[in-house]
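Trainee: Chains as they are written, first to last, in numbering that gives the first Met the number 0: chain P, 0 to 279; chain S, 0 to 357; chain D, 0 to 319.
Calculated from the structure, these hints are not laboratory results.
Fair warning: this is a prediction, and the values are worked out from it, not measured in the lab.
Among the clues, some could well be false.
[Said to hold, decoys possible] Only some residues are given here: those of chain S computed to face chain D with a beta carbon under 10 Å: (1) VAL1; (2) PRO143; (3) ALA144; (4) LEU226; (5) ASP230; (6) PHE234; (7) CYS245; (8) ASN267; (9) VAL270; (10) LEU285; (11) ARG326; (12) ASN330; (13) PRO332.
From the three backbone atoms N, C-alpha and C, an ideal C-beta is built for every residue, glycine too.
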Amino acid sequence: MSDSYRSNLYLPDMATIQEVIEETQNIKTFRVTLNNPDAMRSFRFEPGQVGQLSVFGVGESTFVINSPPSRMDYLQFSVMRVGELTERLHKLRPGDQIGVRAPLGNCFPYKAMKGKDIVFVGGGIGMAPLRTLLLYMLDNREDYGKITLLYGARSPSDMAFSYELPDWLGRPDMTTELTVDNGAPGWERHIGLIPNVLKEMAPSSKDAFAVTCGPPIMIRFTIEALHSLGFEDDRIITTLEKRMKCGVGICGRCNIGTKYVCKDGPVFTNAQLRRQPNEM
Amino acid sequence: MVMPTARYIAHDKLMPWLLGLAEGRRVLAPVREGGKTLFLPLREDSRLDLRGLADDSAKAALLPRCEPLLEFHYAKTAGVPSRTTLEVREILPGQETFLFGVRPCDARGFTVFDRVYDAGTRRDIYYCSRRDKTLVAAIACADPAETCFCNRVGGDPGGSDGADLLFTPVEGGFTVEAVTERGGAFLREQALEEADGKAEEAREVREAVRRAMPEGPSLDGAPDEVLRLFDDGAFWESVAAKCLSCGVCSYLCPTCYCFNMTDESNGNDGVRVRTWDNCMSFQFTLEGSGHNPRNGKAQRMRNRIGHKFSYYPKLHDGNLACVGCGRCIANCPASMDVRAIVIQARSRVLDKEEYANE
Amino acid sequence: MASSLDELKTAIRKALPGLDVVIAWTAGPDALSHAPLFITEEADVARIEWDPRCSQNLAGYLPGLRGKKAGIVAKGCDVRSIVELLQEKLIDREDVVIFGLDCQGAVDARSARAALGSSRGVRDVAIDGASVCFSVNGEPRFFSPGEVLQSKCFGCAGADAGLCDHFAGERGLPPQFGNPPESTLERLEAMDMEERLRFWETQMSRCIRCYACRSACPLCVCQDHCAAQSREPHWVDQTDHPREKLMFQAIHALHTAGRCTECGECERACPMGLPVMTLKRALNRRIKDVFDYQAGIDPNQTPPLFEFREVETNIKEREW
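Only chain P is shown next, with the shape it has when bound in the complex (with noise of 0.2 Å):
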């Protein structure tokens, strides 16, 4: 066999599940380390990349990395529990095995947005993504500008990373504003729908880029407001989420017009959707 054969696309890394945090009701975060050492010291991605976890004899399913690349101690994905995959994964402990197929799909432009304002605006499980970039923000804090975030879930119980929230809150160097749908005793943060708080917090659109995920109807809106704040469509980044099985553009489901999600995407200007067909 020639040396081009050496990489099995689908062959996927083995990995161990160090470490399990039940975020939500329905969400878990899994840290993850690769088996092979070489392999985990090696590994390389950029914020926004995805990977494909295995759960042998159930299958696989995409996730993206929401730990940053400027901390490789494990891999970090969270994980909703919606179908027969995730409802399997929500099972494992730590010390049990899966497969992961990573780094896949492009990243956030990070070094295009370096000097910038950043506005993060994330919904429910929409704030994995988020966070890796943020992380990665934060740990390279001096190379971006003011740091926004708005993080809204259906109610307190829902929001994920709540063990990292105070620190967001309380950091001097980043701005962090929380919202539900449906407040609890004892919320202090905004009642209301992600897009009119963002318009409430009006963060300034000069120099500054958009990052935002969440549920189809929540970033629709989202993208709303950010283009009233005067964001144009080239700073309004988003990530995707589609059906994916083969996670390198063959398989053929994930397409929007000519782009894969999973080899083209996740990560979308607002601009580069719109030059492909509207089919979310």
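Since chain P is already given, all that's left is putting chains S and D on it; use the hints.
Mentor: Here is chains S and D on its own, set in the frame of chain P:
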């Protein structure tokens, strides 16, 4: 490398020659079985059928309907019953194959796969090793069917794109010509007689079949029309109205290459299999949340036509993901006609432009 | 049949203003099978075709058009599917207008292509007494019905014109053909269980899992949510083993037991020529024995597996 000269094989020598080849490798050829002509491993009692186009395409030779990608095995750790170990192994294909009797459209279909599965740094090892181990022998057409339209999608009924050898029917048998280096190396080792004057006859046969093809406008160059109609829901609803959303067109198509991957296990053992998938199926894009970006058959048809006549050509130098074999037309239970849809898309765009100009 | 066609067109033209759509047949891309035509404008009426090439049963489109006023052109066998859809309340009688036709037999396009060698040059098809005549490039070519017609045409009971809102052509029994093609069910019944399994394994090894049998079935209600592709429940796996594929056929047959009118769409749609209706025929025989019921005959009857009776006439549970 200089190609060997054309050879000739008489009809009565063909089967013995193929069976001879089958001693060292798998020979796939169009064989009559259950009232159908299908590409199956050739055996002594096989009924070779070289009339027209086979009922299935030959794509399973390179992309099997179902192929195991890897196997896994769970086991209890000795002494620690609460711990299980997991072993995962890749299963790589390795069989040398002589694929005989594909038509030029089917052979050209392999070039559609090559651009996707053998794309520089992103090589699909399963496909590529099969492709490397498969010698493709095409037969030039002589009697095109009513549903044949290779000539309208950039193909040629006497062409050899994607093949290593080209057979052409002549009086009493076939001429055999090598069209790739591997084909040449193979042909040189075969004890076949020189074609001599029959090579000229073969050229004439190929010329004649070009003239015999059903005529119609070219289906090239529709990528923008399909895109411009993307939001024209009424158009796609109307062209998809009679579609049953089954997989006949996808699975008989020599260029459809989309696949699914699923794990199938039996107790502690299992396999991850890759199987043909079908973009007309509701499940194809159904997301875990229940959201489906292609919920209706009109949206799925739009992607199907879009992929073949717009997206693929835009990504691959204008080459269509359709080779004009016509199996989707001849076998569609609802008599859909892909040619008509592309033509309708074009005239719909023209109508709209005229309307806008008025 | 020209007169039936004219009658049909007149009836449709008259009814069209009160309907959202009429489904009929028109010339298809292949000269051996006519294609469905969805008529919304009067100009389309001229394109309607009616001859033995109108093989596809159009009834399967009706549930998808529920809520609209739909006209449908139907052969006798197609009417049975419509009746079954009505019995199962999958369509509403007041929204459907049935244009019945006297059918002389329907061509099996694949057999006809094999018999003719090619579909090129076929201009017309007519059934005359005991033979089927294809006019190919002006020359008539005759075949016996068993060679080129669908197997369901043998033993056809004709159309029940009383169930139709309009009827074009002769009423009464259609011509009966002799020499039906060999019945797969009878062949199988002569085999022992081992042989039957071997038969099906050989057949199902050709199955490409396109599910055209299911998609073409006018009574398959699950369609997009079929057990064949479901992971939960995981009754059928995706490997290429013939038994998995046979398992799907068994599920399909059980799901249509006592509902299947033997319209033959599953076999007509199968690109691999698999005799998949045989399983449904076998189950229908049992339904006939046990419940004395035939699907799609009487719109007012309830299919036997749709109701629960404490005491069944032919199931003597208490005597077991």
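Trainee: Out of the numbered hints, which ones does the structure contradict?
Mentor: 1, 4, 5, 6, 8
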